[in-house]
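A.B. asks: Sequence:
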Amino acid sequence: MEEKPDWRSESYAKAFEAHDRADFAQEFLRRNPDYRDQYARAIDAAPIARKRLAKHWGLVFRGRP
Numbered sequence: 001m002e003e004k005p006d007w008r009s010e011s012y013a014k015a016f017e018a019h020d021r022a023d024f025a026q027e028f029l030r031r032n033p034d035y036r037d038q039y040a041r042a043i044d045a046a047p048i049a050r051k052r053l054a055k056h057w058g059l060v061f062r063g064r065p
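full-length UniProt numbering applies: residue 1 is where the sequence shown begins, and numbers increase by one.
Since the hints were made in silico from the structure, they are not lab data.
Among the clues, some could well be false.
Derived DEER-like restraints, expressed as beta-carbon distance ranges [claimed, not checked]:
hint, residue 1, residue 2, range
1, Arg30, Lys55, 15 to 25 Å
2, Ala45, Trp7, 37 to 47 Å
3, Ala40, Ala15, 26 to 36 Å
4, Glu2, Ala45, 19 to 29 Å
5, Phe61, His19, 17 to 27 Å
6, Pro5, Gln26, 17 to 27 Å
7, His19, Arg52, 27 to 37 Å
8, Ile43, Ser9, 37 to 47 Å
9, Ala46, Glu10, 41 to 51 Å
10, Arg36, Glu3, 28 to 38 Å
11, Leu59, Trp7, 19 to 29 Å
12, Ala45, Tyr12, 39 to 49 Å
13, Glu27, Ala54, 35 to 45 Å
14, Ser11, Ile48, 42 to 52 Å
Derived SDA-like pairs (lysine to any residue); straight-line CA-CA distance at most 25 Å [what the hints assert, rightly or not]:
hint, residue 1, residue 2
15, Lys55, Ala42
16, Lys51, Leu29
17, Lys51, Ala40
18, Lys14, Arg31
19, Lys51, Arg21
20, Lys4, Phe24
21, Lys55, Gln26
22, Lys4, Glu27
23, Lys14, Glu27
24, Lys51, Phe61
25, Lys55, Asp20
26, Lys51, Arg62
27, Lys55, Glu17
28, Lys4, Asp20
29, Lys14, Pro33
30, Lys51, Arg41
31, Lys51, Arg31
32, Lys55, Tyr39
Nothing here was measured: the structure is a model prediction, and the numbers come from that model.
Glycine included, C-beta positions come from ideal geometry on N, C-alpha and C.
Hey, can you work out the whole structure from these sequences and the hints?
C.D. replies: Right under this line is the structure:
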């Protein structure tokens, strides 16, 4: 079984140097079950539901093609 990397090590920190705040925010939302549930309900609902979701989470959604 492979050991988990030590988050305190210099090499672990270097792996994230190329990421910015938006990358971390996206990953947080991707893993957040509350956001995922709300998104699943809002994405196919009326536009007002997407606006409420965006406002609640501090997001801006691009227009759909």
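A.B. asks: Indicate, hint by hint, whether the structure satisfies it.
C.D. replies: We went through each hint and held it up to the structure:
| no. | hint | verdict |
| --- | --- | --- |
| 1 | Arg30 to Lys55: 15 to 25 Å | 19 Å, holds |
| 2 | Ala45 to Trp7: 37 to 47 Å | 38 Å, holds |
| 3 | Ala40 to Ala15: 26 to 36 Å | 30 Å, holds |
| 4 | Glu2 to Ala45: 19 to 29 Å | 42 Å, violated |
| 5 | Phe61 to His19: 17 to 27 Å | 22 Å, holds |
| 6 | Pro5 to Gln26: 17 to 27 Å | 21 Å, holds |
| 7 | His19 to Arg52: 27 to 37 Å | 29 Å, holds |
| 8 | Ile43 to Ser9: 37 to 47 Å | 39 Å, holds |
| 9 | Ala46 to Glu10: 41 to 51 Å | 49 Å, holds |
| 10 | Arg36 to Glu3: 28 to 38 Å | 30 Å, holds |
| 11 | Leu59 to Trp7: 19 to 29 Å | 27 Å, holds |
| 12 | Ala45 to Tyr12: 39 to 49 Å | 40 Å, holds |
| 13 | Glu27 to Ala54: 35 to 45 Å | 18 Å, violated |
| 14 | Ser11 to Ile48: 42 to 52 Å | 47 Å, holds |
| 15 | Lys55 to Ala42 | 12 Å, holds |
| 16 | Lys51 to Leu29 | 16 Å, holds |
| 17 | Lys51 to Ala40 | 14 Å, holds |
| 18 | Lys14 to Arg31 | 22 Å, holds |
| 19 | Lys51 to Arg21 | 22 Å, holds |
| 20 | Lys4 to Phe24 | 20 Å, holds |
| 21 | Lys55 to Gln26 | 16 Å, holds |
| 22 | Lys4 to Glu27 | 19 Å, holds |
| 23 | Lys14 to Glu27 | 18 Å, holds |
| 24 | Lys51 to Phe61 | 8 Å, holds |
| 25 | Lys55 to Asp20 | 22 Å, holds |
| 26 | Lys51 to Arg62 | 11 Å, holds |
| 27 | Lys55 to Glu17 | 29 Å, violated |
| 28 | Lys4 to Asp20 | 23 Å, holds |
| 29 | Lys14 to Pro33 | 28 Å, violated |
| 30 | Lys51 to Arg41 | 12 Å, holds |
| 31 | Lys51 to Arg31 | 21 Å, holds |
| 32 | Lys55 to Tyr39 | 12 Å, holds |
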